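Asker: So the chains spell out like this:
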Amino acid sequence: MTLLKTDGLVKKFGGLVATDDVNLSVEENERVSIIGPNGAGKSTLVNLITRRLDPTEGDIQFKGESIVGRDPHEVVQMGISKSFQTASIFSELTVRENAEIAALAAENGSFGFKFLQHRESLTGVHDRATDTLDAVGLLGQADRTAADLPYGDKRRLEIGIALAAEPDLLLMDEPTAGMSPEETESTVDLIEEVKRELGLTFVLIEHDMEIVFRISDRIVVLNRGQIIAEGTPDEIRGDDEVQEAYLGGVDL
Amino acid sequence: MSFHIEVITILLNGLQQGAIYVLLAVGLSIILGTLKFVNFAHGALYLIGTYAGLLLALDVNLTSGLLAEWGYGQLGLGLGYIPALFLVPVVVFVVGLAMERLVVEPFKNRPDTDQILVTFGLAIIVQELFRAMFGSGSLPFSQPTWAQGAPSVPFLSAIPISQWRYYVIGITAVLVLIVYLLVEYTDFGLVVRAGTRDPEMVELLGIRLSRPYLLVFGIGAALAGVAGVVGGPLNPVNPTIGNEILVPAFLTVVIGGVGSIAGAVLGGTLFGITQAILVSTYSAWAQVGLYAIAAIVLLLRPQGLLGEEEVAP
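The listed protein sequences derive, respectively, from chains A and B.
The opening residue of the first sequence carries number 1 in my numbering; numbering runs sequentially from there.
The opening residue of the second sequence carries number 1 in my numbering; numbering runs sequentially from there.
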């Protein structure tokens with residue numbers, strides 16, 4: 001089943017065409033990476049999908065339904081979750097509270113009057129938060145203030161926040177940016193673990209080719225807002241146009 | 001009066017005056033911290049609270065103003081003070097909800113100056129409306145007979161402070177505690193705290209903030225209403241009281257630290273006690289004292305006593 005589909009997607013900022021007639025489709029349980037040089041329009045594409053930007057032309061469908069015209073929070077509730085490019089956690093809150101707010105969002109995001117209850121009493125939220133923290137290996141640090149976590153753990157928490165919403169599709173925007181090699185390694189392990197255990201569909205935006213080739217089923221190459229190639233990691237590795245436009249002729 | 005009785009009297013008077021500031025400042029502070037909305041009409045909510053309290057609790061005899069001219073000189077439900085104490089917060093809460101939808105929501109993403117202009121304009125409109133309706137003279141709003149005079153318990157009976165003032169302190173303490181627990185230990189509070197820091201991310205997680213925001217504003221308004229009804233019997237009641245209390249209430253928020261409930265309590269108490277000390281010693285300097293404290297605090301700690309320093313994320 002096609003989970004996400006963009007149809008002739010165009011985004012213009014004044015005279016600049018950031019996304020140029022992009023037709024992308026992501027199947028259920030598929031792991032797709034989007035790569036491309038800086039300014040290729042990767043982040044614009046993600047922002048269009050999460051509804052932070054309105055497309056100039058074209059349509060985006062999720063589970064067969066158009067999401068253009070929906071609010072960002074509605075898109076989240078439909079099942080698209082995003083892990084952010086910059087470390088986005090609530091640093092003043094505890095690790096557990098971070099997970100709880102995400103779980104809460106998924107449970108009753110539109111906010112009925114249930115929300116005056118104490119958190120512990122909403123066992124669904126509590127259990128979901130605990131499960132999430134366990135999954136990303138942060139349960140032992142649940143009561144720490146998020147700001148006090150080491151950088152790598154912050155990124156793990158961030159992925160945890162995205163997972164707590166139990167999304168059908170997870171968008172990850174450079175999840176290992178700014179990490180040390182060890183932190184990168186453990187985050188990639190985490191992503192692979194998530195991929196195995198939760199069977200999640202995800203779209204990864206990444207610079208690091210090693211990660212991309214390691215965890216993608218399919219790679220989409222963007223350049224100047226257009227898809228210039230797509231295929232399995234092996235196909236992309238051997239694609240001359242990609243070599244030329246993006247990899248600068250370097251042998252991989 | 002012996003010296004220590006005098007000192008205790010001054011401190012208790014200060015605590016009571018401080019309690020009024022605290023009630024106003026807690027509301028202002030959570031509204032400013034959460035909605036990022038500068039509400040110069042907060043004093044108008046206090047004004048509405050006072051008049052609503054007066055009209056609910058007592059029978060009032062108006063001598064001037066349009067209502068008197070129209071033949072409604074005898075006004076008021078005369079329900080007594082206790083029902084008024086419970087009804088006023090409800091009334092002002094509803095007024096607050098309406099204000100949030102009609103004024104705050106459309107101006108939430110506008111610059112502070114626009115917010116100040118529109119809310120200050122609103123405050124003046126409310127004040128002049130009350131002046132037109134009820135006249136500009138002070139109305140009698142006495143303390144209830146059962147709360148006059150010192151409490152008949154050992155020790156406190158020797159201190160010349162009416163029971164009403166103790167009730168003001170007690171009611172404030174209970175309400176502030178409730179708000180604190182609400183913010184720290186409920187889902188609503190979690191969303192509000194997270195939204196205070198990063199509203200965009202909360203929305204991206206899939207939580208709509210408009211309802212929590214509405215509730216925050218309503219709670220802040222209700223607290224201002226309570227301040228009006230408990231403070232009413234301690235001060236003259238006329239249409240200017242709302243805008244007169246606005247400045248000390250704002251200074252309380254600023255010295256306490258925006259968004260900090262504990263800061264509002266500390267700031268309000270500090271102001272109340274300073275004012276009480278100055279009133280009983282150099283009364284001409286009482287107002288100046290508040291500004292002096294505010295200036296000193298802001299020079300030494302620009303983020304307020306318990307405010308958090310703005311740090312880049």
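Honestly, the hints are just simulated from the structure, not real lab data.
All of these numbers come straight from a predicted model, not from anything done at the bench.
There could be a bad hint or two in this list.
[To be verified] Which chain A residues face chain B? A few, computed with CB under 10 Å, are given here:
(1) K63
(2) G64
(3) S66
(4) V68
(5) V75
(6) S88
(7) I89
(8) V125
(9) A165
(10) D168
(11) L200
We put the CB at the ideal spot given by N, CA and C, even for glycine.
Asker: All the hints need checking, so say for each whether the structure fits it.
Answerer: Checked hints:
no., hint, in the structure
1, K63, "violated (16 Å)"
2, G64, "violated (20 Å)"
3, S66, "violated (19 Å)"
4, V68, "violated (17 Å)"
5, V75, "holds (8 Å)"
6, S88, "holds (5 Å)"
7, I89, "holds (9 Å)"
8, V125, "holds (8 Å)"
9, A165, "holds (6 Å)"
10, D168, "violated (13 Å)"
11, L200, "violated (17 Å)"
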